[in-house]
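K.L.:
Chain by chain, the residues run as shown.
2 protein chains.
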Amino acid sequence: MAALIEWVPNISEGRRLDVVDACVEPLKSIEGVKLLDYSSDADHNRSVITCVGDPAGLKKASVALYEKAVELIDMNAQTGAHSRIGAVDVSPFIPIREASMADCTKLAKDCAAAVSDKFAVPVYLYRESATAPHRESQSIIRKGEYEGLTKKMEDPLWKPDYGPSKPHPTAGATIMGARPFLIAFNVNLDTTDVKIGKRIAKAVRGTSGGFVNVQGAGFFLEDNEEGPVTVTSYDELGAPLMEHGVFVRRDGMVQISMNFLNYLKTPIYRVLELIRREAQRYGVLVKQTELIGLAPADMFIKATRWYMQIDNLQGNQIIDFQI
Amino acid sequence: MAALIEWVPNISEGRRLDVVDACVEPLKSIEGVKLLDYSSDADHNRSVITCVGDPAGLKKASVALYEKAVELIDMNAQTGAHSRIGAVDVSPFIPIREASMADCTKLAKDCAAAVSDKFAVPVYLYRESATAPHRESQSIIRKGEYEGLTKKMEDPLWKPDYGPSKPHPTAGATIMGARPFLIAFNVNLDTTDVKIGKRIAKAVRGTSGGFVNVQGAGFFLEDNEEGPVTVTSYDELGAPLMEHGVFVRRDGMVQISMNFLNYLKTPIYRVLELIRREAQRYGVLVKQTELIGLAPADMFIKATRWYMQIDNLQGNQIIDFQI
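Chains as they are written, first to last, in the working numbering: chain A, 1 to 323; chain B, 1 to 323.
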């Protein structure tokens with residue numbers, strides 16, 4: 001079974017849908033790559049593209065996307081609610097199966113070398129591929145945005161990892177790197193007391209003393225407010241951390257809505273078990289949970305291994321993965 | 001994603017390995033089919049072949065296997081510890097992914113029609129494809145074995161579902177049908193008191209009042225008896241029910257060794273939770289569990305859905321299955 005990597009580039013265009021289509025078009029016919037989804041947000045003036053594929057295919061796809069985006073998006077004329085530094089703003093590579101974080105960093109570096117070489121776009125490596133601690137967060141790299149980039153890049157601390165030390169005149173700069181799969185997971189509590197949800201969210205999220213890699217907040221789910229709602233979470237610096245996500249509201253309950261930024265290091269089941277224990281302390285039970293969007297099969301296999309104590313489980317025991 | 005079905009034919013030859021190889025050889029080059037494994041048992045004089053594939057490929061593969069087995073195996077000269085009625089004795093089709101039990105029954109009937117037509121081998125449909133309740137169990141169909149087949153087939157109750165009403169002169173008859181994936185799963189208890197393991201096995205297995213679709217027995221795992229051991233389980237009629245399986249012994253503990261004949265109807269997690277509760281009644285904890293051999297990813301996804309209460313989980317949320 002071949003390596004499978006997810007690639008979720010964000011481009012700084014969410015209004016001119018003909019431009020978005022032109023950027024996405026070449027991704028539909030690259031061998032070894034499958035375009036899963038793309039969606040645009042006019043307020044943010046940004047589009048999120050989701051592909052999966054093998055390393056060779058994704059390298060071709062990234063060159064093809066940057067070529068179109070550099071040609072068609074002029075950052076000097078771009079405005080929107082979402083902070084950004086370039087035409088292709090951020091380009092994360094995410095291990096799904098038979099691929100390690102190191103494999104994704106290697107791919108990010110290959111793509112960074114190709115893109116900076118062909119299009120003279122400077123590249124910052126971030127997250128698991130960052131070359132210094134101050135470059136790990138995309139929101140810190142992005143601080144000052146496209147407009148502040150020329151000045152920022154004069155600082156040796158912000159010399160790009162690849163490409164020229166000044167922004168591309170229309171495409172700015174770009175951020176690339178490996179990161180874990182982001183999982184959006186909600187827990188619905190059988191109570192109408194939102195204080196309980198807010199207290200538990202505070203207990204489990206990283207910013208207030210809980211688990212690293214967990215963001216969370218408690219909400220009361222109003223009557224008649226069913227249906228999917230698009231939400232974006234913000235980190236301490238106010239930058240959106242969730243690249244895409246929705247949650248489904250349930251009537252008359254309290255929901256703890258969470259993002260798991262690294263389910264490999266901070267497993268969802270461990271946090272869920274603590275939430276169950278905390279809820280019990282208030283005489284409340286977990287009514288149901290919700291996985292929002294996609295998750296790798298690996299998450300289910302590791303959760304089952306933990307709950308069922310299957311200590312010696314090997315990946316090659318999953319018949320689906322033998323093919 | 002295409003339908004994925006497992007096919008585990010058992011042939012009545014486990015001694016002449018050149019004959020086994022000749023039967024298996026054509027299965028290596030059929031489009032849409034992957035040969036995962038085959039193994040022979042000289043005492044049983046029987047070989048178990050494991051393939052996965054799509055319906056069209058598996059139909060071609062079954063015709064190819066029956067052609068070779070009918071040509072090379074003469075049941076009049078065949079002896080062994082394992083009961084059998086034909087050259088290809090039993091040929092189960094097992095849904096893995098994107099395939100229902102009904103899809104597997106359709107495939108079994110297609111193969112039965114082709115094989116009976118081309119090679120004049122009578123076919124009994126069994127398990128989920130059986131045409132009458134008395135034909136569900138392979139051990140009942142097989143009762144009387146090859147030697148008793150001519151007489152048995154004179155009884156209208158035992159008219160084959162496909163093909164002539166008398167055995168093939170050298171290949172006998174064959175059993176085909178859909179069945180759920182068989183999962184071998186062991187639970188190791190942190191005790192040296194084998195009575196506790198035997199009592200719990202008795203409480204959970206179907207033959208003594210527990211769950212249908214569960215076979216089980218308690219063992220004491222002796223010191224220095226580590227390593228894989230091949231075991232075969234027998235049903236009430238003494239016929240082997242486990243088509244293949246091993247278990248790994250752990251020193252100085254008590255093991256409940258189980259077969260789950262239908263994890264879709266009798267989930268492993270439910271039985272494990274009862275075992276944990278029963279063990280607690282004796283002041284004992286589950287130390288670890290063991291999945292033996294293969295299981296479908298579907299089992300892990302359903303276990304996680306249950307343990308984590310992910311009520312609305314959809315198969316298309318598993319990113320691996322989008323491709």
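Don't take every hint at face value.
Identical chains share a label here; the pair holds if one copy fits it or two copies do between them.
Stated by the list, open to error - The list that follows gives simulated cross-link-like pairs (lysine to any residue, SDA-like), each with its CA atoms no further than 25 Å apart:
{"#": "1", "residue 1": "Lys34", "residue 2": "Pro133"}
{"#": "2", "residue 1": "Lys302", "residue 2": "Thr266"}
{"#": "3", "residue 1": "Lys198", "residue 2": "Asp311"}
{"#": "4", "residue 1": "Lys28", "residue 2": "Ser39"}
{"#": "5", "residue 1": "Lys265", "residue 2": "Gln309"}
{"#": "6", "residue 1": "Lys28", "residue 2": "Asp190"}
{"#": "7", "residue 1": "Lys28", "residue 2": "Gln322"}
{"#": "8", "residue 1": "Lys202", "residue 2": "Leu285"}
{"#": "9", "residue 1": "Lys60", "residue 2": "Gln322"}
{"#": "10", "residue 1": "Lys198", "residue 2": "Gln309"}
{"#": "11", "residue 1": "Lys302", "residue 2": "Val286"}
{"#": "12", "residue 1": "Lys143", "residue 2": "Gly252"}
{"#": "13", "residue 1": "Lys143", "residue 2": "Ala120"}
{"#": "14", "residue 1": "Lys302", "residue 2": "Arg97"}
{"#": "15", "residue 1": "Lys287", "residue 2": "Gln314"}
Read the hints as simulated data drawn from the structure, not as lab findings. Please read these numbers as outputs of a predicted model, since none were measured by experiment.
K.L.:
Each of the hints needs a verdict: does it hold here or not?
P.N.:
Status of each hint after checking the structure:
When the C-alpha separation of Lys34 and Pro133 is checked against a cutoff of 25 Å, the pair qualifies neither within a copy, at 33 Å, nor between copies, at 47 Å. Taking CA atoms no more than 25 Å apart as the test, Lys302 paired with Thr266 passes in both settings, with 12 Å inside one copy and 21 Å between copies. Taking the closest pair of Cα atoms, Lys198 and Asp311 come within 25 Å of each other only across two copies (23 Å); inside a single copy the shortest separation is 35 Å, beyond that limit. For the homomeric pair Lys28 and Ser39, the shortest alpha-carbon distance inside one copy (15 Å) is at most 25 Å, but the shortest distance between copies (43 Å) is not.
In this homomeric assembly, Lys265 and Gln309 come within 25 Å of each other (Cα to Cα) both inside a single copy, at 18 Å, and across copies, at 21 Å. For the homomeric pair Lys28 and Asp190, neither the shortest alpha-carbon distance inside one copy (44 Å) nor that between copies (55 Å) is at most 25 Å. In this homomeric assembly, Lys28 and Gln322 come within 25 Å of each other (Cα to Cα) only across copies, at 15 Å, whereas the closest approach inside a single copy is 27 Å. In this assembly of identical chains, Lys202 and Leu285 lie within 25 Å of each other by CA distance solely inside one copy; the values are 18 Å within and 33 Å between copies.
For the identical chains of this complex, Lys60 and Gln322 are inter-copy neighbours only, at 21 Å across copies versus 27 Å inside a copy, given an alpha-carbon limit of 25 Å. Proximity of Lys198 and Gln309 under a CA criterion of 25 Å is satisfied inter-copy only: 21 Å between copies versus 32 Å inside one chain copy. Taking the closest pair of Cα atoms, Lys302 and Val286 come within 25 Å of each other both inside a single copy (21 Å) and across two copies (18 Å). Within a single copy, Lys143 and Gly252 get their C-alpha atoms no closer than 39 Å, and across copies no closer than 60 Å, so neither meets the 25 Å cut-off.
Only within a single protomer do Lys143 and Ala120 lie at most 25 Å apart by alpha-carbon distance; the minimum there is 21 Å, versus 77 Å between protomers. When the C-alpha separation of Lys302 and Arg97 is checked against a cutoff of 25 Å, the pair qualifies both within a copy, at 13 Å, and between copies, at 20 Å. When the C-alpha separation of Lys287 and Gln314 is checked against a cutoff of 25 Å, the pair qualifies only between copies, where the shortest distance is 18 Å, while the shortest distance within a copy is 32 Å.
Hints 1, 6 and 12 from the earlier list are contradicted by this structure; the remaining hints agree with it.
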